[in-house]
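Undergrad: Residue numbers (my numbering), protein chains in the order written: chain A, 93 to 227; chain B, 93 to 227; chain C, 93 to 227.
In case anyone wonders, no lab produced these hints; they're calculated from the structure. Using N, Cα and C, we set each Cβ at its ideal position, and we do this for glycine too. Be aware that one or more of the hints could be misleading.
What the hints assert, rightly or not - Taking beta-carbon pairs under 7 Å as the criterion, some of the chain B residues facing chain C (in silico):
(1) I116
(2) V117
(3) I122
(4) Q141
(5) A144
(6) S147
(7) D151
(8) W155
(9) L171
(10) T186
(11) I192
(12) P193
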Amino acid sequence: MVTTLSVKTGRQGLFEFTSQLDTIVSGSGINNGLCSLLIQHTSASLTIQENADPSAKVDLENWMNRLVQENDPLYTHTLEGEDDMPAHIKAALTSTTLSIPIMNGRLALGTWQGVYCWEHRHHAGHRQIVVHIGS
Amino acid sequence: MVTTLSVKTGRQGLFEFTSQLDTIVSGSGINNGLCSLLIQHTSASLTIQENADPSAKVDLENWMNRLVQENDPLYTHTLEGEDDMPAHIKAALTSTTLSIPIMNGRLALGTWQGVYCWEHRHHAGHRQIVVHIGS
Amino acid sequence: MVTTLSVKTGRQGLFEFTSQLDTIVSGSGINNGLCSLLIQHTSASLTIQENADPSAKVDLENWMNRLVQENDPLYTHTLEGEDDMPAHIKAALTSTTLSIPIMNGRLALGTWQGVYCWEHRHHAGHRQIVVHIGS
């Protein structure tokens, strides 16, 4: 089964969509299987991270923004805005696809894990994610 | 088929578990298929790396420790220990899920490739990995 | 179905192989499914990136070369050449495996996405990629 979901972002940061994904997995009727994700963009990415303490998320965003800076004189790809090239680099350093096993009808995530869309641009609206569920 | 395996770590570093995985793949009876992995933690990760010369592993660990330092004044997420926030960042920069094709009943890894659990904390004991095998 | 493909590289950089992959997907006859990839090397990697403006690719390569430098005094793994240890680090920071959903008989990539082999060595010739296609 293949379907798509949309995550509202709107600003830089990590946006959790675990519950949207849970709903799709439940609806599939698959008991033991695999849920694979592709984000259809190169200036946003996917990550599985701690969803307990929001401070971890904030530090992750700030650390990445310090590593991959805007207005770096190295960049030649500047026509699409000062946040565009850093966004491509951050996407390359994180994940564009993920594969999460399904066990007993649920995503087999750890206790503190959530699935996130990591928005790397300042003003993007929605991001499309393709979801494949197989047995 | 979905199962779990546990990797003993205990200290920071790369811990190979290719042979544990080989045993699961052999036992599955799948000849051509896909073996997908999820580590159920956000302060340890997965990587496929060279398993021939141990010096590559050591350099990889040291390089990553220099890039993502403890006690960085940027961190606000500090209650769980000085190695916790760096661990989340390292997990985001490497992989939480992997998908390895199975060919002729074996993981289709390259000659020098091994599958590793990358422990990012100083004193974690065991890490749980969920394994899905499909055809 | 499991098969392999070979990407000619020869120098550092991003080498697109989306059309080779499209041909394999079309030939499989799978309408809705999953295409999973493993690169059988630890000094080259996989990434999904923008394939519209070549300047994004160039900046990505240059940024990564600045982050992960040759002849770093930290390295002890130096016998295989000055580009070898940086290549392993770059592989760990990007992806060794990818999973791309297939929708209506085609890879469900976004409009601007291409699939690339990222060669991290100066003189490697060809890189082998294992492709699994399932339903």
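Undergrad: Against each hint, give a clear statement of whether it holds in the structure.
TA: Hints versus structure:
1. This hint is violated: I116/B has a C-beta 17 Å from the nearest C-beta of chain C, more than the 7 Å allowed.
2. Below 7 Å, beta-carbon pairs count as interface contacts, and V117/B has none with chain C, the closest being about 13 Å; its hint is therefore violated.
3. Here the hint on I122/B is broken, as its CB sits about 11 Å from the closest CB of chain C, past 7 Å.
4. The interface hint given for Q141/B is met, as the beta carbon of that residue sits about 5 Å from the closest beta carbon of chain C, less than 7 Å.
5. Here the hint on A144/B is broken, as its CB sits about 9 Å from the closest CB of chain C, past 7 Å.
6. Proximity of S147/B to chain C holds as hinted, the smallest CB-CB distance being about 4 Å (cut-off 7 Å).
7. Annotation: D151/B was flagged as interfacial toward chain C, and the flag holds, the nearest CB pair being 5 Å apart, inside 7 Å.
8. For W155/B, the interface hint holds, the least distance from its beta-carbon to any beta-carbon of chain C being 5 Å, beneath 7 Å.
9. Contact between L171/B and chain C, as hinted, is not supported at the beta carbon level, the nearest pair being about 28 Å apart and thus beyond 7 Å.
10. Hint status for T186/B relative to chain C: holds, with the closest Cβ pair at about 6 Å, below 7 Å.
11. Interface hint status for I192/B: upheld, as the beta-carbon distance to the closest one in chain C is roughly 6 Å, under 7 Å.
12. The beta carbon of P193/B is positioned within 7 Å of a beta carbon in chain C (closest approach about 4 Å), and the interface hint is therefore held.
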